[in-house]
Amino acid sequence: MVELRTADFDYELPEELIAREPAPRRDASRMLVVDRRTGALAHRTVADLVAIVPPGDALVVNETRVIPARLRGRKSTGARGEILLLHAEDAEARRWVALVRPAAKLREGAWVEVAPELAVEILERRPEGQRLVALHTPLPPLDALERFGEVPLPPYIGRPVRPEDRERYQTVYARVPGSVAAPTAGLHFTPELLAALEAKGVRRVPVVLHVGLGTFRPVAVDDPAAHRMHAEWYCVPPESADALNAVRAAGGALWAVGTTAVRTLETAADASGRLRPGTGWTDLFIRPPYRFRAVDHLLTNFHLPRSTLLMLVAAFAGLELVNRAYAEAVAQRYRFYSYGDAMLVL
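Counting in the numbering used here, the sequence shown runs without a single skipped number right up to 746 at its last residue.
Read the hints as simulated data drawn from the structure, not as lab findings.
One or more of the hints may lead you astray.
Mimicking SDA-like on lysine to any residue, the simulated pairs with C-alpha atoms at most 20 angstroms apart in a straight line are [what the hints assert, rightly or not]:
1. LYS475 <-> ALA515
2. LYS475 <-> TRP511
3. LYS475 <-> ARG495
Please put together the full structure from these sequences, using the hints given.
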């Protein structure tokens, strides 16, 4: 087999196809349906999932909740400082690994006042430009973030954060705080769509993977095997593992909503595909070639060139078919990235 290089996962995208705004209605987003068996491509909408997913199958969703992880404030000198929280280092969520800006000025011992009730202390340097920081607040830390933090929209959105982003850059089933980026395939679901799927007999089974920035980092090395994934915390509750194993045993299929659900399931599956409950950290990097054990179908968005997300989709559908699907999406002017349209891989 020919060894794939990072450049093999590149493609040209017109700037105007990057979605700056969410669709007027979540489930009205377009959905390119890709059939791995026949190679056929079809144009549908996300609402058509009700007609596509059979009763008895399971929809696996990531119930992580995006936290307002971007903190803007000022140092004691009056200079601006910005902190992007990545993940909590303690159960109380008072110490965090973070990125800071300007990095050269925010050394150990520096403070950034975000609000009268929230200040951030830089405790120590960490590798790759990261810092360990402490939140100083009389409030519960997550409450302080909700009050004073900002939704960490990806930089390619290219506009200031607006109040409505707090709701739209969040799935309707988000429950467990901890992500600094949304599991974007889940943004397409509405309560009505979920209810219609449930009424049809499709089981909705939750897992959790807290999305970190490492998921979205471009692969900077020529050989993907040399890329190091940042670990992300995941949880497969016992009742979810039992439900998914029961669906499989009855002949049903598992539909992963997003690459984060895929990585969670593949981390938790044994060699036979049986799901094991548990929590922990995963740095699983799925790229071609990869044998999937726990995922039968995938709903995902359109991803950045050279990203680990695009490599995962190529491992699932085959690079040639993915390239053809992306070319079709560009030709038909689909909307790309976090607030963009969807692709369903059968």
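For each hint, the structure was consulted:
1. LYS475 <-> ALA515: With Cα atoms ~12 angstroms apart, LYS475 and ALA515 stay inside 20 angstroms; holds.
2. LYS475 <-> TRP511: It holds: about 6 angstroms lies between the C-alpha atoms, which stays within 20 angstroms.
3. LYS475 <-> ARG495: Holds - the C-alpha atoms of ARG495 and LYS475 are around 19 angstroms apart, at most 20 angstroms.
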